[in-house]
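J.: Below, each chain spelled out in residue letters.
There are 2 protein chains.
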Amino acid sequence: MASVTEAILKEKVEQAIRLLDREGIDLWMTFVRESATVHDPVLDLICGMNLTWPSALLLSRTGERTAIIGTLEVEALKTRGIYDNIVGYDTSVKEPLLDVLNRIRPNKIAINYSENNLMADGLTHGLYLLLEQHLSGTPYRDRLVSSDAVVSSLRGNKSPAEIECLQKAIRNTEEIFEAFGRSIEPGLTEKQTAAFFRAEMEKRDLEPAWDLDHCPSVTAGADSPFGHVGPQDYAVLKGQTIGVDFGVRENGYCSDLQRLWYLLADGETEAPEEVRRAFDAVRGSIETAQRLVKPGVVGHVVDAAAREYLKARGFDEYPHALGHQIGRSVHDGAALIGPRWEKYGDLTSRPLEPGNVFTLELEVRIPQGLVSLEEDVLITESGCEYLSTPQTEIWTIG
Amino acid sequence: MASVTEAILKEKVEQAIRLLDREGIDLWMTFVRESATVHDPVLDLICGMNLTWPSALLLSRTGERTAIIGTLEVEALKTRGIYDNIVGYDTSVKEPLLDVLNRIRPNKIAINYSENNLMADGLTHGLYLLLEQHLSGTPYRDRLVSSDAVVSSLRGNKSPAEIECLQKAIRNTEEIFEAFGRSIEPGLTEKQTAAFFRAEMEKRDLEPAWDLDHCPSVTAGADSPFGHVGPQDYAVLKGQTIGVDFGVRENGYCSDLQRLWYLLADGETEAPEEVRRAFDAVRGSIETAQRLVKPGVVGHVVDAAAREYLKARGFDEYPHALGHQIGRSVHDGAALIGPRWEKYGDLTSRPLEPGNVFTLELEVRIPQGLVSLEEDVLITESGCEYLSTPQTEIWTIG
Chain U
5 MASVTEAILK EKVEQAIRLL DREGIDLWMT FVRESATVHD PVLDLICGMN
55 LTWPSALLLS RTGERTAIIG TLEVEALKTR GIYDNIVGYD TSVKEPLLDV
105 LNRIRPNKIA INYSENNLMA DGLTHGLYLL LEQHLSGTPY RDRLVSSDAV
155 VSSLRGNKSP AEIECLQKAI RNTEEIFEAF GRSIEPGLTE KQTAAFFRAE
205 MEKRDLEPAW DLDHCPSVTA GADSPFGHVG PQDYAVLKGQ TIGVDFGVRE
255 NGYCSDLQRL WYLLADGETE APEEVRRAFD AVRGSIETAQ RLVKPGVVGH
305 VVDAAAREYL KARGFDEYPH ALGHQIGRSV HDGAALIGPR WEKYGDLTSR
355 PLEPGNVFTL ELEVRIPQGL VSLEEDVLIT ESGCEYLSTP QTEIWTIG
Chain S
5 MASVTEAILK EKVEQAIRLL DREGIDLWMT FVRESATVHD PVLDLICGMN
55 LTWPSALLLS RTGERTAIIG TLEVEALKTR GIYDNIVGYD TSVKEPLLDV
105 LNRIRPNKIA INYSENNLMA DGLTHGLYLL LEQHLSGTPY RDRLVSSDAV
155 VSSLRGNKSP AEIECLQKAI RNTEEIFEAF GRSIEPGLTE KQTAAFFRAE
205 MEKRDLEPAW DLDHCPSVTA GADSPFGHVG PQDYAVLKGQ TIGVDFGVRE
255 NGYCSDLQRL WYLLADGETE APEEVRRAFD AVRGSIETAQ RLVKPGVVGH
305 VVDAAAREYL KARGFDEYPH ALGHQIGRSV HDGAALIGPR WEKYGDLTSR
355 PLEPGNVFTL ELEVRIPQGL VSLEEDVLIT ESGCEYLSTP QTEIWTIG
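One line per chain: the protein sequences are U and S, in this order. All the letters of the first sequence, read from the start, carry residue numbers 5 to 402 under the numbering used here. All the letters of the second sequence, read from the start, carry residue numbers 5 to 402 under the numbering used here.
So here's chain U without its partners, still in its complex pose:
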């Protein structure tokens, strides 16, 4: 495990340095403190540990890798083997930081904030003000730009090793879904369902991909609310659906899938037409999207096509984006496949890139319950392929 992570860290730092050149950035400075508490997600890609005192990770276009950190953390960072030059300090980060800047003399310095791309927005506002103070009276204060473009590609464009990690997490998730399918019976509650998934994670030594209190998120029967809500006492009965939104984190990489079951009512041999029609609309929306996803396309075009497909079949549109990226975080990368709503900033207008891994997910509500699906896809050079094994028909119980 540690070796997978260390190999990926080194790969990512090399990728970052190439991106600096592409983006015309002389120096990328990630400025953090007490990151175990307020965590800049980019540390998972270029550091592999938390940093306590105000710390600067500096990657230059010319390939220099310098870290200025508290002395008590120097040994730990050394063992990672990522930074050639580790400067420890006891009292203030300011002087060693200015020393490095005065040596490199960067004209364009990317730092870790972004209005739209939250994965590139780990610098807190108070710490930003402190950085401004440290740089006041130097020419560097006015050379700060956002590292959004670098982080967006660095997180979004997965290497083969990263894709392998994602595939493994997805396969494990599918195995847990299969085991769960064999255990469903009428009267099963959301809380019991969640307990099943938690036991499976424990058995397989896997972490949840998001907060355990709603991972899995279970929607059982006709009355359960949908959303980021923890499992309740709602039970699934015959003639109703049960949907589960679930993912795991394995070797630091996250899966995110939704699967759906229908419990046959007495006398039924297949799901009733109303349920099948809803399933087909959801499934067809995902297929519509999957056919459109390729490098260079922007997310809102894909989302609009899926949304149109769904609405044309008489269903209400879903109140969220169709797809987000996954990776080290369950909401990874920057570009989104979603509508042009203000809350998404410019993320749904950013071109998709090869190596991006996206979810495609939506749901509709019918009297029998929620009908929802979510697949994971990888963008290739010419299109996109499923990393999950898509659920193509409704799974029935009984």
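Among the hints, erroneous ones may be present.
Identical chains blur together in the list; that is why a pair holds if it fits in one copy or across any two.
[Stated by the list, open to error] Within a straight-line C-alpha distance of at most 30 Å, the following computed DSS-like cross-link-like pairs (lysine-lysine) qualify: (1) Lys242 x Lys172; (2) Lys315 x Lys242; (3) Lys82 x Lys195; (4) Lys172 x Lys195; (5) Lys172 x Lys207; (6) Lys315 x Lys98; (7) Lys14 x Lys195; (8) Lys98 x Lys14; (9) Lys207 x Lys195; (10) Lys195 x Lys242; (11) Lys112 x Lys242; (12) Lys98 x Lys207; (13) Lys98 x Lys172; (14) Lys298 x Lys315; (15) Lys82 x Lys14; (16) Lys112 x Lys14; (17) Lys298 x Lys14; (18) Lys172 x Lys298.
None of these hints come from the bench; they were simulated from the model. Bear in mind the structure is a predicted one, so any value in this text is a computation, not a measurement.
Following the hints, complete the assembly by docking chain S onto the known chain U.
T.: Here is chain S on its own, set in the frame of chain U:
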């Protein structure tokens, strides 16, 4: 467990509203997004769950409790029972936010950033810029101030229920230390030590108080480096010390202690004078500090006295602060007991308050290895008392 947490959340929100009045703040706005990734630690005190889309938690001086959050999270927040008024949105937080501001018309709005107090600095710089955009053209943009003072007291001044949680975590930590003491033998490595502590945590269903890769942090024998470094293959031999820095998180509250053992060399019946002298210097520095700690004192005065005591006995001073607060986070609150180094900002000049819980910790190095101790103390109305059972003599093995 859930009920402890929910009771404390309600208690904390009420405390926050009283603090707004004390500080002359009309509205406290905590503005966050995707907090599972970049976590504002204040959510643990006033929300109890993560929020995905740009969200505003609004507590007013008059006692109003409003949350503006993504619709998919409304049900989950409702179940917490903290906010009277939960506004869900799909497309943009801006309009519902301006609606509330225009109704309350606050003159002074505290938001979640601070230069010095990192526990009050959860607002990222990019999100701050977005908030400025939302407020542009309104009078509110120029009414924003830091919520530092509110958060500092809210986190630092523990309620009786919180102190009980801390006591429980400390007791469990001490039990694990006792069990470990019975298992020490010559040749024991740092990695084996860490495995022992991890197994004990698992057995007792406890989480580590900080990153598992250096919780515990073990310093075995004469050659191991000290600091936030993970356990290595160094072994403790006869005639050497082994020190362990360890804490657990229980019901969301963290302990943090250091304990020390000496392995008798053949023929020894007690630790040699050099080791005892170092232990007494460390122990005496902590006692010196403990006697000075009381409400109204500032941390650098306490730190200086402990540092002076140590130096007067011929030892090098420790390269860190003497004490930090503990609570929901292992580095909690704002005020620090430490020197006036730039990296600590104004935190070592802030008066200590009743209800603060501090560590007191330091170490010296001698040829036999590291000699270190750490205790946890609670500030009372008139002084301070130990929450831990202080280690008053060096524990010998063999």
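J.: All the hints need checking, so say for each whether the structure fits it.
T.: Results for each hint:
Taking identical chains as interchangeable, the C-alpha atoms of Lys242 and Lys172 are never at most 30 Å apart, the minima being 34 Å within one chain and 46 Å between chains. Proximity of Lys315 to Lys242 under the C-alpha cut-off of 30 Å is restricted to the intra-copy arrangement: shortest distance 28 Å within a copy versus 76 Å between copies. Proximity of Lys82 to Lys195 under the C-alpha cut-off of 30 Å is restricted to the inter-copy arrangement: shortest distance 18 Å between copies versus 45 Å within a copy. Proximity of Lys172 and Lys195 under a CA criterion of 30 Å is satisfied in both settings, with 27 Å inside one chain copy and 28 Å between copies.
Taking CA atoms no more than 30 Å apart as the test, Lys172 paired with Lys207 passes in both settings, with 16 Å inside one copy and 29 Å between copies. Within a single copy, Lys315 and Lys98 get their C-alpha atoms only as close as 57 Å, which misses the 30 Å cut-off; across copies the closest is 27 Å, which meets it. Proximity of Lys14 to Lys195 under the C-alpha cut-off of 30 Å is restricted to the inter-copy arrangement: shortest distance 25 Å between copies versus 41 Å within a copy. Proximity of Lys98 and Lys14 under a CA criterion of 30 Å is satisfied intra-copy only: 27 Å inside one chain copy versus 41 Å between copies.
In this homomeric assembly, Lys207 and Lys195 come within 30 Å of each other (Cα to Cα) both inside a single copy, at 18 Å, and across copies, at 24 Å. For a Cα distance limit of 30 Å, the shortest separation of Lys195 from Lys242 inside one copy, 18 Å, qualifies, whereas the shortest one across copies, 53 Å, does not. Proximity of Lys112 and Lys242 under a CA criterion of 30 Å is satisfied in neither setting, with 63 Å inside one chain copy and 56 Å between copies. For the homomeric pair Lys98 and Lys207, neither the shortest alpha-carbon distance inside one copy (48 Å) nor that between copies (45 Å) is at most 30 Å.
Neither within a single protomer nor between protomers do Lys98 and Lys172 lie at most 30 Å apart by alpha-carbon distance, with minima of 43 Å and 40 Å respectively. In this assembly of identical chains, the alpha carbons of Lys298 and Lys315 lie at most 30 Å apart only when taken from the same copy (23 Å versus 66 Å across copies). With identical chains, the CA atoms of Lys82 and Lys14 are at most 30 Å apart within one copy only, with a shortest distance of 13 Å there and 44 Å across copies. With identical chains, the CA atoms of Lys112 and Lys14 are at most 30 Å apart within one copy only, with a shortest distance of 24 Å there and 47 Å across copies.
In this assembly of identical chains, the alpha carbons of Lys298 and Lys14 lie at most 30 Å apart only when taken from the same copy (28 Å versus 49 Å across copies). Only within a single protomer do Lys172 and Lys298 lie at most 30 Å apart by alpha-carbon distance; the minimum there is 23 Å, versus 55 Å between protomers.
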